[in-house]
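Chains P and G are the protein sequences, given in the same order. Everything in the first sequence is counted per this note's numbering, starting at 1 for the first residue and increasing by one. Everything in the second sequence is counted per this note's numbering, starting at 1 for the first residue and increasing by one.
There may be inaccurate statements among the hints.
BS3-like, lysine-lysine: derived pairs with alpha carbons at most 27 Å apart [to be verified]: (1) P:K63 with G:K20; (2) G:K41 with G:K66; (3) P:K63 with P:K42; (4) P:K42 with P:K79; (5) P:K69 with P:K57; (6) G:K64 with G:K14; (7) P:K42 with G:K20; (8) P:K42 with G:K66; (9) P:K42 with G:K14; (10) P:K42 with G:K64.
Since the hints were derived computationally from the structure, they do not count as laboratory data. All values derive from a computational prediction rather than experimental measurement.
Residues per chain, in single letters:
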Amino acid sequence: EDQVTQSPEALRLQEGESSSLNCSYTVSGLRGLFWYRQDPGKGPEFLFTLYSAGEEKEKERLKATLTKKESFLHITAPKPEDSATYLCAVPGASGSRLTFGEGTQLTVNP
Amino acid sequence: GAVVSQHPSWVICKSGTSVKIECRSLDFQATTMFWYRQFPKQSLMLMATSNEGSKATYEQGVEKDKFLINHASLTLSTLTVTSAHPEDSSFYICSANPGTSVNYEQYFGPGTRLTVT
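If we strip away everything but chain P, and leave its shape as in the complex, we get:
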């Protein structure tokens, strides 16, 4: 059974204070690892897909990296508008059903 664990559960940062969110996964065969951002009262917004260990992707202040056991979402010099819940997910053996982590709720204070 696929498992995804995210840490920390919640993270408070000051504006400009860089940090990283962790997503540990156990899957029978990696078919991609997805990062999403979810704002309160909205659906998840797709951020990145990572497919193989060593892969990195960047978007503005966010950079996602992948190893064989975990993924990190690095946030560089965050701004208050980066406050959201960040979710990671992996597709199952059939390729369709996603297993989500519980998410990390990020708050960036001005």
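Let chain P serve as the given structure and place chain G on it in line with the hints.
The following block gives chain G in isolation, referenced to the frame of chain P:
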């Protein structure tokens, strides 16, 4: 690209009535669509998977006669909550997958807030 819309964004209905929620993929064809439910401060819970032209596959514990799903075209899936009760009040979110053999990405709609009074 990869935009998914939902309608309505919120709805209030009386107990015992039915409510239909639409999910559309606007700029791609979705062979597979998914319906999720989310409670406050919790992660998404998959309710069912629907493939265009076939019956939906429901997750264990989800009543298929209560949550009717129709995926009539490659860009539209609907969820009908029948005989709604206050415990059905929740945030319902759909997602869509382009359906290629190597791309399992799911793109989510903005969600629909259902309140049953």
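Hint check results:
1. P:K63 with G:K20: 39 Å, violated
2. G:K41 with G:K66: 25 Å, holds
3. P:K63 with P:K42: At roughly 22 Å apart (the allowed maximum being 27 Å), K42 of chain P and K63 of chain P satisfy the hint.
4. P:K42 with P:K79: Measuring from Cα to Cα gives roughly 20 Å; hence the hint holds.
5. P:K69 with P:K57: This hinted pair holds, its Cα atoms lying about 17 Å apart.
6. G:K64 with G:K14: 21 Å, holds
7. P:K42 with G:K20: Between K42 of chain P and K20 of chain G the Cα gap is close to 19 Å, so the pair holds against 27 Å.
8. P:K42 with G:K66: 24 Å, holds
9. P:K42 with G:K14: 24 Å, holds
10. P:K42 with G:K64: 25 Å, holds
Hint 1 alone, counting from the list given before, is not met by this structure.
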